[in-house]
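**Student:** Sequences are here, hints too, so could you generate the full structure?
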Amino acid sequence: MTEKRTVLVCQGTGCVSSGSPQIQREFEREILEHKLDVEIKLTGCHGFCQIGPTAIIEPDDILYCLLRPDDIKDIVDSHLINDTQVTRLHYHDPATGEPIPKWTDIPFYSRQKKMITTNCGYINPEAIEEYISIGGYRAARQAILAMSPEEIIEEVKSSQLRGRGGAGFLTGLKWNFARRSDGDQKYVVCNADEGDPGAFMDRVILESTPHSIIEGMIIGAFAIGASKGFIYVRAEYPLAIHRLEVAIAQAREKGFLGSHIFGSDFDFDLQINQGAGAFVCGEETALMASIMGKRGNPRPRPPYPAVEGLWGKPTNINNVKTYSFIPLIIKNGFKSFADVGLEKSRGTAVFCITGKINNSGLIEVPMGIKLREIIYDIGGGIPNGKKFKAVQTGGPSGGCLPETYLDKEVTYESLQAAGSILGSGGMIV
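If you're matching positions, the sequence shown starts at 448 in this note's numbering and goes up one per residue.
Hints in this document: simulated from the structure, not taken from any laboratory.
Quantities reported herein were computed from a predicted structural model and do not represent experimental measurements.
Mixed in with the good hints there might be a few duds.
Label-pair restraints from in silico Cβ distances [stated by the list, open to error]:
no., residue 1, residue 2, range
1, R746, Q863, 23 to 33 Å
2, E480, Q632, 52 to 62 Å
3, E790, P644, 22 to 32 Å
Think of the CB as a built atom: it goes at the ideal place given N, C-alpha and C, for glycine as much as any other residue.
**Tutor:** Here it is as structure tokens:
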């Protein structure tokens, strides 16, 4: 039995701004007109924002890019009806000009190591059933029904996952501090107040796989003993907020949020707080002040949030990407994460590569990869064969690394030694 043909239309913010809703409507109209047995599916961001709007024809793995509404008739008539690909709409190698029909053969994708972005661009972010069908919420069920909070924290510790918001503090250690802090009420917070120039990693994950963040927060809340969670999102991310609202409502309806989750004694619920555009609210103490309705001013630490956070209660704060890794670590075991990367920088890192580069977009790569591989192998090098000058990493707090650092391994320590930081993952060439 052959797999049903499906058209995956990217509906991330980048493609939406380039007209992907109209692309999807044209596919729907043409397929209906020809009475074809073809499914059209809305997805989140596929990562290669440089070439949007995009559509992928499955199970063929054929990518069409830079689409306009009048291209869709050609794709339907040629590819979907007559099995003849439309070569002019394929991605073309910037160096050779050769078309590359399959997205899996494009270096931008093939040289990545996907973990938390595996399902970005493949599942409908507004359909919880699709997330469940790929194993979603299995880790949360396992954690709550088959593990103790201490076992969960030990698993996260063993993975050596470090916070992906920039500071790089060990997540398991942070959770353990919050677990051991006394408090009749505890909170978990997701910092989605992404503000670095050229950085949109968190936005893509929020828009493309919001349930992975919710699941990670459920596990984190159970581990530290929290009953309430907050996702603090930039108000400038309306699509991400909408998809989070849909996902939270669906999770409540399924019983994954609320009272007696999975039939246990564990109660936990989430709410979204929108930021008001202040860059400083990306700092955790300023963010907490904003959630509590105060001016978003940072305060000195200690006391740290794990001891005295929201309303003076123990609070755990992690980044979008950090929470997204948690279900994978619980479901697949700590070694699945710890075996990737280098000694002090395990797992993968998600970056946005933008600026003067041929292939801009969102990538996920193993920790320890060389800057040269990111910029030239994945990024396709500098447009028009021009000379590379520098890459800025780590946002406003980071630095600019010239050509002499291209063979530097990308880790927390190596970038700091070079005079920059890993930060949250923005890279501007």
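**Student:** In this structure, is the beta-carbon distance linking E480 and Q632 contained in 52 to 62 Å?
**Tutor:** holds (58 Å)
**Student:** That 23 to 33 Å hint for R746 and Q863 (C-beta), does it hold up?
**Tutor:** holds (25 Å)
**Student:** Could you check the hint for me, namely that E790 and P644 are 22 to 32 Å apart, CB to CB?
**Tutor:** holds (31 Å)
Consistency note: the structure conflicts with none of the earlier hints.
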